[in-house]
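Turn these sequences into a full structure, and let the hints steer you where they fit.
Going down the list, the sequences are from chains A and B. Under the numbering used here, think of the first position of the first sequence as 1, with each following residue one higher. Under the numbering used here, think of the first position of the second sequence as 113, with each following residue one higher.
I should point out that these hints are in silico values taken from the structure, not numbers from a laboratory. All values reported here derive from a predicted model rather than from experimental measurement. A portion of the hints provided could be inaccurate.
[Claimed, not checked] Quick list of in silico lysine-lysine cross-link-like pairs, PhoX-like style, CA-CA up to 20 angstroms: (1) A:K99 x B:K121; (2) B:K131 x A:K99; (3) A:K99 x B:K179; (4) B:K164 x A:K99; (5) B:K183 x A:K99; (6) A:K99 x B:K153; (7) A:K26 x B:K156.
Listed below are the residues making up each chain.
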Amino acid sequence: SQQGEEDPQALSIQEGENATMNCSYKTSINNLQWYRQNSGRGLVHLILIRSNEREKHSGRLRVTLDTSKKSSSLLITASRAADTASYFCATDGSTAGNKLTFGGGTRVLVKP
Amino acid sequence: DTAVSQTPKYLVTQMGNDKSIKCEQNLGHDTMYWYKQDSKKFLKIMFSYNNKELIINETVPNRFSPKSPDKAHLNLHINSLELGDSAVYFCASRGTERGYEQYFGPGTRLTVT
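Below is the structure:
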């Protein structure tokens, strides 16, 4: 079963605008990660936030985590056409092997 | 240099055939994974190996058999292929030096006709 639910499923914005996507999950986690997938390619790790962290930044990315609500958000500021991709959240529940459970993804289209 | 590589990139085969997908990582990681991504883009873990030892085996038909000859390689063999096996299969690896992020291969698109 899917651990994470992502919202929205798809997002279309103009270049320069901000893109926000949300992820909800069901069980306790050790950390939550965001990945990007360009069409026809593998996933690329973007950012990891640990369960004891509330916010993290990396370049134009900002991730928040609310463990009481079991939710996370990813904000991409000043979006570019190259940000067009699918974005996935993945939870690590610290089971053996650090299994990641992925959400369904948000497809982001950034129009030039 | 490619960190995680998979071969082949595309695989088209008929129902009932047996096929293998190979994965190699040159990152020196101890843990490797196989994921399946379906047509709706849902990504689900199948197997994980740590230093050639199986540590995660999700509910996957036993037609799927992973094999890890050494910690840099994790191959996936599929027997008696079915239409529902059509998907993109991703290999990934993880080290511990920089945390828990996983590094994914480019994927193998399997089409069963």
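Now for the hints, and whether the structure bears them out:
1. A:K99 x B:K121: Not satisfied, since the Cα-Cα distance of roughly 24 angstroms exceeds 20 angstroms.
2. B:K131 x A:K99: 26 angstroms, violated
3. A:K99 x B:K179: OK: K99 (chain A) and K179 (chain B) at ~18 angstroms, within 20 angstroms.
4. B:K164 x A:K99: 16 angstroms, holds
5. B:K183 x A:K99: 18 angstroms, holds
6. A:K99 x B:K153: 18 angstroms, holds
7. A:K26 x B:K156: Status holds; Cα separation ~16 angstroms.
Checked against the numbered hints listed earlier, the structure breaks hints 1, 2; every other hint is satisfied.
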